[in-house]
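*Asks:* From first to last, the protein sequence lines are chains A and B.
Just so you know, we're using this note's numbering here: the first sequence kicks off at 1 and counts up by one.
Just so you know, we're using this note's numbering here: the second sequence kicks off at 1 and counts up by one.
Hints should not be assumed to be uniformly reliable.
Said to hold, decoys possible - Chain A is faced by these chain B residues, among others (derived, beta-carbon under 10 angstroms): (1) Leu58; (2) Gly60; (3) Tyr61; (4) Gly204; (5) Gln252.
As the list claims (entries may be wrong) - Quick list of the computed label-pair ranges, beta carbon to beta carbon: (6) Asp196(A) / Asp254(B): 44 to 52 angstroms; (7) Leu227(B) / Trp104(A): 52 to 60 angstroms; (8) Asp78(A) / Gly104(B): 23 to 31 angstroms; (9) Glu68(A) / Asp254(B): 28 to 36 angstroms; (10) Tyr199(B) / Ala314(A): 55 to 63 angstroms; (11) Ile97(A) / Phe169(B): 52 to 60 angstroms; (12) Gly66(B) / Gly16(A): 42 to 50 angstroms; (13) Gly209(B) / Asn131(A): 45 to 53 angstroms.
To be verified - The following residues of chain A were derived to be distant from chain B, with all beta-carbon distances above 10 angstroms: (14) Thr26; (15) Gln319; (16) Ile335; (17) Lys342.
Bear in mind the hints are in silico, worked out from the structure with no lab data behind them.
From a predicted model like this one, the values you see are computed outputs, not experimental measurements.
All residues carry an ideal CB built from backbone N, CA and C; glycine is no exception.
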Amino acid sequence: MIKRLLTYILPLMLTGCIQEDDFSDTPNGNFEALWRVIDERYCFFEQAEEEFGLNWNAVYEKYRPIAEECKSDAQLFDVLGDMLAELRDGHVNLSSIYGTKFYWDWKLNHPINFSDSIQRNYLGKDFRLTNGIKYTTLPDSIGYIYVESFAGGFSTDNLSLMLLNLKNTKGVIIDIRNNGGGMLTSAEKLASAFTDRKIHCGYIQHKTGKGHNEFSRPEKIYLEPSKGAIWLRPAVVLTNRGVYSAANHFVMLMRELPHVTILGDTTGGGSGLPLNSTLPNGWSVRMSACPILNAQGEHTEFGIAPDVKADITAADWQQGRDTMIERAKEEIFAIYDKKADKEAE
Amino acid sequence: MKNVISKVTLLIAALALAALPAASRAQHFVADTIIPERIAVKSTTYGITSINSLDTYLSGYSFSGGGVHIQHESFRDARTGSYRWKYQTIFNGMLGYTTQGNNGEIAGLASYAWGGYHPFSIGKRLKLLAGAQIEVEGGALYVPSNGNNPVSMKLRAAIAASGMAIYHFPAKGKEWTARLQADVPLAGAMFAPEYGQSYYEIFGLGHAGGTVAFTHPFNSPSLRYMLTLDIPLKWRRHSTTLRLSYTGNIFQSDINSIRCHIYRHSFGIGFARTIFKIKQENKIKAYSPF
Numbered sequence: 001m002i003k004r005l006l007t008y009i010l011p012l013m014l015t016g017c018i019q020e021d022d023f024s025d026t027p028n029g030n031f032e033a034l035w036r037v038i039d040e041r042y043c044f045f046e047q048a049e050e051e052f053g054l055n056w057n058a059v060y061e062k063y064r065p066i067a068e069e070c071k072s073d074a075q076l077f078d079v080l081g082d083m084l085a086e087l088r089d090g091h092v093n094l095s096s097i098y099g100t101k102f103y104w105d106w107k108l109n110h111p112i113n114f115s116d117s118i119q120r121n122y123l124g125k126d127f128r129l130t131n132g133i134k135y136t137t138l139p140d141s142i143g144y145i146y147v148e149s150f151a152g153g154f155s156t157d158n159l160s161l162m163l164l165n166l167k168n169t170k171g172v173i174i175d176i177r178n179n180g181g182g183m184l185t186s187a188e189k190l191a192s193a194f195t196d197r198k199i200h201c202g203y204i205q206h207k208t209g210k211g212h213n214e215f216s217r218p219e220k221i222y223l224e225p226s227k228g229a230i231w232l233r234p235a236v237v238l239t240n241r242g243v244y245s246a247a248n249h250f251v252m253l254m255r256e257l258p259h260v261t262i263l264g265d266t267t268g269g270g271s272g273l274p275l276n277s278t279l280p281n282g283w284s285v286r287m288s289a290c291p292i293l294n295a296q297g298e299h300t301e302f303g304i305a306p307d308v309k310a311d312i313t314a315a316d317w318q319q320g321r322d323t324m325i326e327r328a329k330e331e332i333f334a335i336y337d338k339k340a341d342k343e344a345e
Numbered sequence: 001m002k003n004v005i006s007k008v009t010l011l012i013a014a015l016a017l018a019a020l021p022a023a024s025r026a027q028h029f030v031a032d033t034i035i036p037e038r039i040a041v042k043s044t045t046y047g048i049t050s051i052n053s054l055d056t057y058l059s060g061y062s063f064s065g066g067g068v069h070i071q072h073e074s075f076r077d078a079r080t081g082s083y084r085w086k087y088q089t090i091f092n093g094m095l096g097y098t099t100q101g102n103n104g105e106i107a108g109l110a111s112y113a114w115g116g117y118h119p120f121s122i123g124k125r126l127k128l129l130a131g132a133q134i135e136v137e138g139g140a141l142y143v144p145s146n147g148n149n150p151v152s153m154k155l156r157a158a159i160a161a162s163g164m165a166i167y168h169f170p171a172k173g174k175e176w177t178a179r180l181q182a183d184v185p186l187a188g189a190m191f192a193p194e195y196g197q198s199y200y201e202i203f204g205l206g207h208a209g210g211t212v213a214f215t216h217p218f219n220s221p222s223l224r225y226m227l228t229l230d231i232p233l234k235w236r237r238h239s240t241t242l243r244l245s246y247t248g249n250i251f252q253s254d255i256n257s258i259r260c261h262i263y264r265h266s267f268g269i270g271f272a273r274t275i276f277k278i279k280q281e282n283k284i285k286a287y288s289p290f
């Protein structure tokens, strides 16, 4: 009683309280809280409506009676997870002691286009590993860099030493297939090693209010040159549908560089910077909240198409050959051939 | 000539003798009216604090828990003039841990306030003081489980109206002192990101424009109230008292549709010491700026 008096009533008497959302820790309360926080903070309603006809109010009508019937927390967790899956967004998750609900269809319904078994044929045993980045020199003097994740904190020095070790190659293949993201700053750090000047690469927005269309003016995103080694020879970025979030951001940055080619499959997307919140029962919810647009002002939430489309063919798959790496090598050779032709003219 | 010298000597001696009691009285008078140049009550209290925090940038629901608290106060007379002004500085530091369900939050805040007061005595025992305060506060609420928005930074400065009532009363043969103080911020500025703005955008990309908001009682109704009790100690020098304190710190804001409150109730114990800047301490020990 005294604690309640001190915590709520005294401040209320003296100042007028600013209080939390008015939802109870019940199945209904948690359902309402989740629907509301998405309604107010999620940033891709307009795109989802255009892309697959999402109607968030209809989702409420559909799931409210189901949530009401939930007899246990585990059941409620499944129902709320299903409701979030209606957004078809890999950045929308619900986490509790029962696990984390993910939406995976953005990559599961597409060709895998990557095999670590096949990759072994290229990396061999003598590859170098620097803070999560594997790299080696392939036959024909092509550098191969595999970045599995941007969650690690590689440094500018790591990248500089890597590029110095590859300095005798004709070009590099930057393979980010199945890179599900991590830190935007890591993606930017790697991309900055491929430009010698400041380049406008996109825009970022954020919500300014609770309405579905209340957004700030798009602010420009620039890619600044690295303070370490900079690679200006041909570079090919390999992508598949597993390229998501910060990795999608990396592709968005790299595609603005003149000596870089994006090769492979359309990326998985995930261009909204996700933010977190919680429900009355303490479950954590994450949702896309800040849209990042490309340099042309277009959304990349549903993926970025490659400059050169390529898939691993069934025949190559059986022979342990990576069609996409082979195509990337050809792209680099073609650039040198074109250059030689020009010089001959 | 010798007679003249003798007369002058006698006259000087007589004048000296006559002046001796007067000089003695004058010296006594000066000693009695010694006014200390700087006299201050300095106190440090340590204690525990209960915390209830809400920041809708992090979560729509409040976190509750506790922590530790330190408060250092200096209360003194004006350096010059006729003691019509009192100055106060207060440092408050708090570090706490709160929870909401399975989510934990670390809360850390530090503030420094400087205030000036004009005293009004009402009777022998009660003194009222009215004045103004300038306060700066910095800190953060940190929820490690929030991926891209784990921190809500708190940076603010405000001008506050401040008042206090000081009451001296006898108890157990000594004079105890109780004080109630209230500070109400009237105008200021605080760091306030927009509704869905990430710190990546503000600090990573440098899009920090518009992240400072003007605060007033309608968008940030806040209050700090403090109750102290100074109890003289038998085994300590007269100028040292035991201090028991309660501080209620109510910070609230509703800016850019981000609602925040941090309610703290801190109980502390420590010592308050009256500090004199002059050597004749024994002659003015009964004096206190309180």
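*Asks:* Please go over all the hints and tell whether each is borne out by the structure.
*Replies:* Results of checking the hints against the structure:
1. The beta carbon of Leu58(B) is positioned within 10 angstroms of a beta carbon in chain A (closest approach about 7 angstroms), and the interface hint is therefore held.
2. Proximity of Gly60(B) to chain A holds as hinted, the smallest CB-CB distance being about 4 angstroms (cut-off 10 angstroms).
3. At about 5 angstroms, the closest approach between the beta carbon of Tyr61(B) and any beta carbon in chain A falls short of 10 angstroms, and the interface hint on this residue holds.
4. Given hint, Gly204(B) at the interface with chain A, holds; its Cβ is 6 angstroms from that chain's nearest Cβ, closer than 10 angstroms.
5. At a threshold of 10 angstroms, the smallest CB-CB gap from Gln252(B) to chain A is about 4 angstroms, leaving the interface hint in force.
6. Taking the beta carbon of each, Asp196(A) and Asp254(B) are about 47 angstroms apart, inside 44 to 52 angstroms as hinted.
7. Leu227(B) and Trp104(A) have their C-beta atoms about 57 angstroms apart, which keeps the hinted 52 to 60 angstroms range intact.
8. Taken as a hint, the range 23 to 31 angstroms holds for the pair Asp78(A) and Gly104(B), whose Cβ atoms sit roughly 26 angstroms apart.
9. For the hinted restraint 28 to 36 angstroms between Glu68(A) and Asp254(B), the CB-CB distance of approximately 32 angstroms keeps it satisfied.
10. The hinted window of 55 to 63 angstroms between Tyr199(B) and Ala314(A) is violated, with their beta carbons roughly 47 angstroms apart.
11. Ile97(A) and Phe169(B) have their C-beta atoms about 55 angstroms apart, which keeps the hinted 52 to 60 angstroms range intact.
12. Restraint check, Gly66(B) to Gly16(A): a C-beta distance of roughly 25 angstroms breaks the suggested window 42 to 50 angstroms.
13. Between Gly209(B) and Asn131(A) the Cβ separation comes to about 34 angstroms, which falls outside the hinted range of 45 to 53 angstroms.
14. The Cβ of Thr26(A) lies farther than 10 angstroms from every Cβ of chain B, with a closest approach of about 14 angstroms, so its non-interface assignment holds.
15. No beta-carbon of chain B comes within 10 angstroms of the beta-carbon of Gln319(A); the shortest separation is about 41 angstroms.
16. Once the 10 angstroms rule is applied to beta carbons, Ile335(A) is consistent with being away from chain B; the minimum gap is 32 angstroms.
17. Every CB of chain B is more than 10 angstroms from the CB of Lys342(A) (nearest about 38 angstroms), matching its label as outside the interface.
Consistency with the previously given hints fails for numbers 10, 12, 13, ordered from lowest to highest.
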